[in-house]
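**Student:** Sequence:
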Amino acid sequence: MEEKIEKEGLEHLEHIEVELKEIKKRTPTSYRAFINGIFQGAGAIVGGILAVALIGFLLSVFGVIPGLGEIAHYFQNIMGQLHSRM
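In terms of the numbering used here, the sequence shown opens at residue 306 and continues consecutively.
Simulated from the structure, these hints should not be mistaken for lab results.
It is possible that part of the hints are untrue.
Straight-line alpha carbon distances no greater than 20 angstroms define the calculated SDA-like cross-link-like pairs of lysine to any residue that follow [to be verified]:
no.	residue 1	residue 2
1	K326	E316
2	K309	H320
3	K329	E319
4	K329	I340
5	K329	K312
6	K309	E319
7	K312	I328
8	K330	I340
9	K330	K312
10	K329	N341
11	K312	V323
12	K330	E319
13	K312	E324
14	K330	H320
15	K326	G314
16	K329	H317
17	K326	R337
18	K309	I321
19	K330	L318
20	K326	Y336
21	K329	F339
22	K326	A338
23	K326	L315
If you anchor each label on the Cβ, the simulated ranges turn out as follows [to be verified]:
no.	residue 1	residue 2	range
24	R337	E308	40 to 48 angstroms
25	A347	H320	50 to 58 angstroms
26	T332	I383	44 to 52 angstroms
27	L325	F362	51 to 59 angstroms
28	G352	G314	49 to 57 angstroms
29	G353	V323	43 to 51 angstroms
30	E311	I343	32 to 40 angstroms
31	Q381	I350	22 to 30 angstroms
Think of the CB as a built atom: it goes at the ideal place given N, C-alpha and C, for glycine as much as any other residue.
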């Protein structure tokens with residue numbers, strides 16, 4: 306009787322070991338989690354910048370922010386001058 310219980314216990318432990326190995330195989334490593342975090346942060350920053358730029362552009366088109374067009378034109382002139390010097 307004890308041998309049967311012991312054998313079932315060992316089989317159960319072996320099954321648990323196999324399950325743990327599969328779980329460990331599926332979970333990402335620290336390095337991969339770090340890289341995923343970098344990409345997620347970069348995506349959030351780029352998305353935020355694009356959203357703010359689009360909203361600013363739309364507001365300047367509708368005239369809600371009157372000085373934004375002048376500032377954009379000023380920066381275009383500066384960039385054109387820098388580009389022509391190179």
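**Student:** None of the hints should be skipped; say for each whether it holds.
**Tutor:** Comparing the hints with the structure gives:
| no. | hint | result |
| --- | --- | --- |
| 1 | K326 to E316 | holds, 15 angstroms |
| 2 | K309 to H320 | holds, 16 angstroms |
| 3 | K329 to E319 | holds, 15 angstroms |
| 4 | K329 to I340 | holds, 19 angstroms |
| 5 | K329 to K312 | violated, 26 angstroms |
| 6 | K309 to E319 | holds, 15 angstroms |
| 7 | K312 to I328 | violated, 24 angstroms |
| 8 | K330 to I340 | holds, 18 angstroms |
| 9 | K330 to K312 | violated, 27 angstroms |
| 10 | K329 to N341 | holds, 18 angstroms |
| 11 | K312 to V323 | holds, 17 angstroms |
| 12 | K330 to E319 | holds, 17 angstroms |
| 13 | K312 to E324 | holds, 18 angstroms |
| 14 | K330 to H320 | holds, 15 angstroms |
| 15 | K326 to G314 | holds, 18 angstroms |
| 16 | K329 to H317 | holds, 18 angstroms |
| 17 | K326 to R337 | holds, 18 angstroms |
| 18 | K309 to I321 | holds, 18 angstroms |
| 19 | K330 to L318 | holds, 18 angstroms |
| 20 | K326 to Y336 | holds, 19 angstroms |
| 21 | K329 to F339 | holds, 17 angstroms |
| 22 | K326 to A338 | holds, 19 angstroms |
| 23 | K326 to L315 | holds, 16 angstroms |
| 24 | R337 to E308: 40 to 48 angstroms | holds, 45 angstroms |
| 25 | A347 to H320: 50 to 58 angstroms | violated, 42 angstroms |
| 26 | T332 to I383: 44 to 52 angstroms | holds, 50 angstroms |
| 27 | L325 to F362: 51 to 59 angstroms | holds, 53 angstroms |
| 28 | G352 to G314: 49 to 57 angstroms | holds, 53 angstroms |
| 29 | G353 to V323: 43 to 51 angstroms | holds, 44 angstroms |
| 30 | E311 to I343: 32 to 40 angstroms | violated, 50 angstroms |
| 31 | Q381 to I350: 22 to 30 angstroms | holds, 24 angstroms |
Hints 5, 7, 9, 25, 30 from the earlier list are contradicted by this structure; the remaining hints agree with it.
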